[in-house]
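A.B. asks: Each chain, letter by letter, is given below.
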Amino acid sequence: MIMEKYIPINYQVLSVKNKLLFTIFFYVVITAFQLKPNVTFGQNLYIGAATVDITPKLPVAVDGQMTVRIAEVAETPLTANVIVLESRGENTTVIVSCDMVTVPIALKEMIQKEVKKSLPVLDTKKIIINATHTHTGGVVRDNRYNIPEGVTQVKDYLEFVSDRVAKTIVTAYNQREQGSVSWGISHAKVAYNRRAVYEDGTAKMYGNTAQSNFIKVEGYEDQAIQSLFFWNNKGEFVATCINVPSPAQIVENRSTVNADYWHPVREGLKEKYGRQLVVAGWIGAAGDQTPRPRYDEFAEWRMIALRNEKKSPDFATHTGGVNFRNEYHLKEIAARIIRAVDETYETVKIDKHETPIMKHEVNNIELPMRVVTEKEYNHALKMRNEDLNDPERAQVFSRRIVWYNKVLDRYAVQQSNPQPMYPVELHALRIGDVVICTNPFELFTEYGIQMKARSKALQTFVVQLVGPGNYLATKEAVAGGHYSAIVESNEVGPEGGQILVNWTVSMIDKLWP
Amino acid sequence: MICLKQCFSLLFLSIFSFQNYAQSDNDENLKVGWSTVDITPDKPVLVAGQFHARLSEGVMDPVTATILALESGEGTNSEKTIWISCDLVGISDGMRATANLRDEIRNRVIKTIPTIRPEQIIVNATHTHAAPYVASTAPVEDIYGVSLEQMANGKPAMSPATYISFAADKIAEGVFDAWGKRKPGGMSLGLGHAVVGLNRLQALKHGKSRMYGNTNSSEFSHIEGHEDHSLNLMYFWDLNKQLTGVIINVAAPSQVSEHSYKLSADFWHDTKVALRKSLGDSIYVLAQASAAGDQSPHVMVGSKAEERMQQLLGFGEEGTGRGSLAQRKQIAKRLADEVIDLFPVMKANIEWQPEFKHEKKLVPLSRRLLSPEDVAEATEEAKSWQAEYDRLKAEVRDNPVMIETPRWYKDITISYSKLRRGLVVAERYELEKVQPKMPIEVHVLRIGDAVFATNPFELYLDYGMQMKAQSPAIQTFIVQLTGSGSYLPTKRSINGGAYGAVPASTLIGPKGGDELVAETLNIINTMW
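If you read the sequences in order, they're chains Z and W. Per the working numbering, the very first residue in the first sequence carries number 792; after that it's consecutive. Per the working numbering, the very first residue in the second sequence carries number 77; after that it's consecutive.
No lab work stands behind these hints: they were computed from the structure. Please note that the accuracy of each hint is not assured.
Derived, one-sided and incomplete: chain Z residues facing chain W with beta-carbon distance under 7 Å [said to hold, decoys possible]:
{"#": "1", "residue": "L910"}
{"#": "2", "residue": "I1095"}
{"#": "3", "residue": "L1097"}
{"#": "4", "residue": "Y1136"}
What follows is a set of in silico ranges between Cβ atoms, one per label pair, in the way DEER data are often shown [stated by the list, open to error]:
{"#": "5", "chain 1": "Z", "residue 1": "E1286", "chain 2": "W", "residue 2": "S293", "range": "34 to 44 Å"}
{"#": "6", "chain 1": "W", "residue 1": "S294", "chain 2": "Z", "residue 2": "N1155", "range": "20 to 30 Å"}
{"#": "7", "chain 1": "W", "residue 1": "S294", "chain 2": "Z", "residue 2": "N937", "range": "52 to 62 Å"}
{"#": "8", "chain 1": "W", "residue 1": "S460", "chain 2": "Z", "residue 2": "E1286", "range": "38 to 48 Å"}
{"#": "9", "chain 1": "Z", "residue 1": "P1209", "chain 2": "W", "residue 2": "G289", "range": "54 to 64 Å"}
Cβ coordinates follow ideal geometry from the N, Cα and C atoms, glycine included.
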């Protein structure tokens, strides 16, 4: 890869002869560069990076399941990892990766507001905040769970996070220095499609595959591990963004605070590359994925046991399935990611870019909402009432009640507006030959694959959950049904999904004029 | 002091010998023998794998057969299995044509080693598309519509029938060698992951699918089916815990160099080179392709990024991207890295007396039910290809010097292959009426907690997933192409209508696929 800095030229001082020679030379050079694909011209890249602890005050309710779970213990810290990128004089982008289940709009706006106070010059629309989708982070979605008194409340936690993240953005911004970037791709088995399809055409999330009517795994899996690497002007490796198309929810059922697989990934990378390293975790399109195996479970379990306990599990006495919600599997998945990142780093560190083109587009568009049918409305009403009419269930399943209520509300809206629209914010950020494109959903992998396939970029980092989330399922998944593809889970349906893809591709296209 | 040292040495040797004795003096102990033979012909041969004929133009790297001889127990009652992995596109077995490389090998082996029964010999192909043609013993003119003499323009060339005999002789010698060298040993079972096989079917927004094509298109909807990136591994060790060889089972055919006119074992060659460099020149690598009828090693999405990585890895000397050596080396690196990564864990977990059972069964499968419309469509296509073939044939007749042009036969052999492909649909339609079931050979081999289950097809991945998911084994090695092949597609692929799922590409349809899964699982279940 050839890198070229823009050098202003004072033509006035050149003689006519020199002018002619220089013009010919300039023409030849420019033509040569035009013939060579992917040659990029940009401004010097400035980089600032910092990490902040956003572990909530205990006890805290943790977000991500239907039931209320109160954590008394923080098994790992939760962090927000901030990287500020400035293409000197042109663009400044802030990347923030948070150990949380989603990023509510309210939280994003609180962070933007706080940052604006200290850095009025910064365009806060260009702050990209994503969630790693850990299901063992503090509750960030208001009015979803009945959180008892004495437990950290959502409002307090949001204030705490926004304050800390905003301050860290300011710190990283102020510390930015000239540096370089590279990018690369490797592969690791982290994504397992969690939807099983059966002979009768129905699908089931986490459905059993070891039964005779299982016919296939519903959709694709994307095992690409894409990375961005940033070095400061001393050549020190200071930050990385790692794009994994599988959510961080190995220990999703625990009533503890845990950053899930990103914690051992970060610790493993820091151990190797130094404590200064800031690791931003990006989840790719992974609405239908899980980091836990869906077949070959005993073989996977055995390999983990051989590595960690130096012996095979006693299968003869074992009954039931395999529980991968444990430390060994966290370690296993982290090791796979680290290996892929290491391999990529070692390969691309010879291809650093100091002046990559950097362009950042932010679009706010509306997608057609999935329409609630009368049948779906009646089902939601019945289910909601069953929970609501039982005081114990009403407390434990408060989140589920909200889930059904939203369907009822949508149906009510449809009476006057048959096709409501869903607003989304989309980012497309070009850095050199690669692009980062975001969406707020738990986006089924196939949409991400379409974006990657149709993108003009050498590498396309699809980042989901840059926003409040909810599943965006494919047509096949909707036909198969079950959680993650039913109306309660989907505010936007396959029609909106295709519009999202097309819009994202057109945003990318504009970055490669 | 010296005396003390000698005493210690003797004591150590005694303990070591006793251990060896303890491991070997048991009827159920495993004996393992390996060999590999070069089956590269010394004359040009037809290269299998494309519609058009290719007469080989040299050797990129040798095509080989790797033989693993296994025996559990002693004497006539011992369980024996000879596993032969060949760098070939398929293993002719009489299912599709008269050629039968599998039985040619078996006959030679049992003649010399009468204690081995034919059904104890399993032969699989890696599906390299740059290896000699073994699907038919017919004259080349009957296969491709052009004689071998014309293709070779009078220069020496080896016919498929001669090559089959040559390969069978060589492979049989390899079996004798492996069987003769078998020694007490152990095995360990491992599961890794590597992205090698990629689903090559692209579902388009209008509901139909295609094999390959450009995914960078607004009509591309999604990849039609699943991928399986698990790597089933079985390591074999001698009594000194030295690695002797490894079985690598990957859900991908080895067809990176699928358009080559030079003979090649494809990425398995590079994988073996990489592994021998790290684990020792003497180790053997036995390659198996798991269910992968809808898979290929070709990158469907993100190929430019992969090319850049190949370049940066230093593999780009002879080009990057689809069909390149760089891509083969990248795949080899992924496979070798995983095998090497698991090596210490595997060495620490060797089984010396694994359960060993081998059963072969002829399983009757329903032939694909074709419709009169399928026949009419295929016959119509055949007619147009007949016209094209006749036209090209006349061209050769009128201009005989054209055969001096290298590869002059490409178009005419395509037309003849497609003509035959069209006609075969009508034959299959008629055959289904009188012989609705077709028997196929299925082997199930249990070694310890693992099971190997074979089929002769290019089996679509979903069937393999069904077998793996329902198998009681800890690891299930599905091994496709232990026969002459033909795609076995799923229902959704037939609806998609891509190459591989059309009537001309298939002998068996989804009904037969379901039967294959059920019957294979039945056999596996009897072993647990």
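A.B. asks: Of the numbered hints stated previously, which ones are contradicted by the structure, given in increasing order?
C.D. replies: Hints 1, 2, 4, 5, 7 and 9 contradicted; others consistent.
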